[in-house]
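Peer 1: Turn these sequences into a full structure, and let the hints steer you where they fit.
In this text, residue positions in the sequence shown follow this note's numbering: the first is 33, and each later residue adds one.
Bear in mind the hints are in silico, worked out from the structure with no lab data behind them.
Ideal placement from N, C-alpha and C gives every residue a C-beta, glycine not left out.
Heads up, some of the hints might be wrong.
[To be verified] Label-pair restraints from in silico Cβ distances:
hint	residue 1	residue 2	range
1	Asn-60	Met-149	18 to 24 Å
2	Cys-68	Lys-137	21 to 27 Å
3	Gln-111	Gln-63	29 to 35 Å
4	Leu-103	Tyr-176	16 to 22 Å
5	Asn-60	Glu-115	22 to 28 Å
6	Asn-84	Gln-111	24 to 30 Å
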Amino acid sequence: MADLDFATNPAFQVRGVPDAVKMNQLSNLLQDALICTDHVQQCAIIRRKDGNVRASSVGFNLYPDQVALLLDAFKNPPQTREEGIYFDDKQYKCVRADKTSIYAKCNKRGLVLVKTMTLLIIATYTESMFPSVCVEAVEKLADYFKEKGK
Numbered sequence: 033m034a035d036l037d038f039a040t041n042p043a044f045q046v047r048g049v050p051d052a053v054k055m056n057q058l059s060n061l062l063q064d065a066l067i068c069t070d071h072v073q074q075c076a077i078i079r080r081k082d083g084n085v086r087a088s089s090v091g092f093n094l095y096p097d098q099v100a101l102l103l104d105a106f107k108n109p110p111q112t113r114e115e116g117i118y119f120d121d122k123q124y125k126c127v128r129a130d131k132t133s134i135y136a137k138c139n140k141r142g143l144v145l146v147k148t149m150t151l152l153i154i155a156t157y158t159e160s161m162f163p164s165v166c167v168e169a170v171e172k173l174a175d176y177f178k179e180k181g182k
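Peer 2: Pasting the structure below:
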């Protein structure tokens, strides 16, 4: 009979968590922390250093040029406040922009961006959702990552 002791059998030893597992964990975290509030339509987690999408909600496709524009918005908050953000073929008016958070709206839709040391969290909401709940959920998730040093 094969050795099924997971602690000692080298066949079961893995160095670090595989990327596919990490991505699934992040997707689950997005679902549990943001989508389940019913006040986040779509969301994603981006690695800031390379703009790589680490996880996103179902059907939320972000392209490299979109990610670059969102990351660049944090470089000059006063300019972002003045000019707004172009995202998803719409011009969003900036409601708040500082070194860690950007909130923007377009008609009755909105965009929430919060950055941590290594990540950018993106969330959108629609007119049937409460912006304050979306903002609170995204900021809490960002705080969680900040506590983890990410």
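Peer 1: Evaluate each hint against the coordinates.
Peer 2: Now the hints, each set against the structure:
Under the hint 18 to 24 Å, the C-beta atoms of Asn-60 and Met-149, about 22 Å apart, fit the expected range. Cys-68 and Lys-137 have their C-beta atoms about 23 Å apart, which keeps the hinted 21 to 27 Å range intact. Between Gln-111 and Gln-63 the beta carbon distance is about 34 Å. The supplied range of 29 to 35 Å therefore holds. Remark: the range hint 16 to 22 Å for Leu-103 to Tyr-176 is upheld by a beta-carbon distance near 21 Å.
Here the CB-CB span from Asn-60 to Glu-115 is close to 36 Å, at odds with the stated 22 to 28 Å. About 25 Å separates the C-beta atoms of Asn-84 and Gln-111, a value consistent with the hinted range of 24 to 30 Å.
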